[in-house]
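J.: Using the hints, position chain B against chain A.
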Amino acid sequence: MLVARGKLDNRQALIQIGVQRFTPDFAIVSATQTANSYPITSYRALLDTGAQRTCLTYRTIGKEGLVRHGKKFIKNVHNENVHSLFMVKFGIWCTDDAPMGHQETGNSYFVIEEPVEVINIADNDRFDAIIGMDVLGKFDFSFSKSGDFCIKLS
Amino acid sequence: MQQACGTEVDINFDAFRGMLPDLLQQAPGKFALLHRSELVDLFDSAIAAFIEGARRFGAEQYSVQEVTEQADSLGFYSYAGGAGQA
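Protein chains in written order, with our numbering: chain A, 1 to 154; chain B, 1 to 86.
Same shape as in the complex, but just chain A (with noise of 0.2 Å):
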């Protein structure tokens, strides 16, 4: 089984991510479209259960070449603001849980089989991008008193 492991960080839960411009290839008559182009980038994405959408920096997205298809308002406490909205094809550095007695096996790269839309934020220092609800709903996770968390891939 794929998972991805980490350790808070300052209470935070950040793990390694790719992202990469989702071009449609009209060769393949699906919406789920997974080939990628290689090397993909490793930016750090902290896992957010209080966002209900997926963010990238103006860096990550100046970085991956992103361009936007649309706009949409975000809330904050204060107000309201446009941001810009971007489909990407979401990738996550993982490891592959071996059975017990086994050593785990080294990096893995889980891709997200539907394209992802996600929206810009600010550049911070911390992170490269927030992991959403969008996205985390659609694994289990786990976080232990240890300050341990796994995302189950598959």
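Honestly, I wouldn't trust all of these hints.
[To be verified] Here are the simulated distance ranges between beta carbons:
no., chain 1, residue 1, chain 2, residue 2, range
1, A, 2, B, 58, 32 to 40 Å
2, B, 24, A, 95, 28 to 36 Å
3, A, 124, B, 68, 42 to 50 Å
4, A, 108, B, 18, 41 to 49 Å
5, B, 24, A, 143, 33 to 41 Å
6, A, 8, B, 38, 45 to 53 Å
7, B, 42, A, 143, 36 to 44 Å
8, B, 45, A, 37, 32 to 40 Å
9, A, 140, B, 18, 38 to 46 Å
[To be verified] When the alpha-carbon atoms are kept at most 16 Å apart in a straight line, the in silico EDC-like pairs for lysine to aspartate or glutamate are as follows:
no., chain 1, residue 1, chain 2, residue 2
10, B, 30, B, 60
11, A, 72, B, 8
12, A, 72, B, 69
13, A, 63, A, 148
14, A, 75, B, 72
15, B, 30, B, 10
16, A, 145, A, 9
17, A, 138, B, 22
18, A, 152, A, 97
19, A, 7, A, 148
20, A, 152, A, 96
21, B, 30, B, 8
22, A, 72, B, 52
23, B, 30, B, 41
24, A, 75, B, 69
25, A, 138, B, 41
Hints in this document: simulated from the structure, not taken from any laboratory.
Keep in mind that this is a model prediction, so the values were computed, not measured.
Positions of the beta carbon are idealized from the N, C-alpha and C atoms, including for glycine.
T.: The following block gives chain B in isolation, referenced to the frame of chain A:
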């Protein structure tokens, strides 16, 4: 490149906001495909509208807007401020 798309997205967004009261009556929750300030079609998902837009008009020549008045929430991150905007 992003700037060129931004122009199409911004113009379509302004037009879409004018159409929204009627669309909310006719097709709440659908996704509108727009091109040059005109509503092209309505779809059940953003991805379906996105793919059709790319097929018909080519990259960056269309936009997709959800037919809703509801804003999404960023929860905790909004408290930190500086969530930025378009």
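J.: Just to be careful, I want the Cα atoms of residue 30 of chain B and residue 41 of chain B compared with a cutoff of 16 Å; is the pair within it?
T.: holds, 10 Å
J.: Next pair to validate is residue 72 of chain A with residue 52 of chain B; report whether the Cα-Cα distance is within 16 Å.
T.: violated, 20 Å
J.: Is the straight-line distance between the alpha-carbon of residue 152 of chain A and that of residue 97 of chain A 16 Å or less?
T.: Judged against 16 Å, a Cα distance of about 9 Å means the pair holds.
J.: A range of 32 to 40 Å was offered for this pair. Does it hold for the Cβ distance of residue 2 of chain A and residue 58 of chain B?
T.: For residue 58 of chain B against residue 2 of chain A, whose Cβ atoms are near 36 Å apart, the range 32 to 40 Å holds.
J.: Between the beta carbons of residue 8 of chain A and residue 38 of chain B, is the distance compatible with 45 to 53 Å?
T.: Between residue 8 of chain A and residue 38 of chain B, where Cβ atoms are some 49 Å apart, the hint holds.
J.: Does residue 96 of chain A lie within 16 Å of residue 152 of chain A when you go C-alpha to C-alpha?
T.: holds, 10 Å
J.: Below or equal to 16 Å on CA atoms is what counts here, so check residue 72 of chain A against residue 69 of chain B.
T.: holds, 10 Å
J.: Regarding the pair residue 138 of chain A and residue 41 of chain B, is the alpha-carbon distance no greater than 16 Å?
T.: violated, 29 Å
J.: Can you tell me whether the CB distance of residue 24 of chain B to residue 95 of chain A sits inside 28 to 36 Å?
T.: Violated, at about 46 Å.
J.: In this structure, is the beta-carbon distance linking residue 124 of chain A and residue 68 of chain B contained in 42 to 50 Å?
T.: violated, 28 Å
J.: Holds or violated: the 33 to 41 Å window for the beta-carbon distance between residue 24 of chain B and residue 143 of chain A?
T.: holds, 39 Å
J.: Residue 145 of chain A and residue 9 of chain A were given as a pair; does the straight-line alpha-carbon distance stay at or below 16 Å?
T.: holds, 13 Å
Figure legend: structure checked against the earlier numbered hints; hints not met, in rising order: 2, 3, 8, 10, 13, 15, 17, 21, 22, 25.
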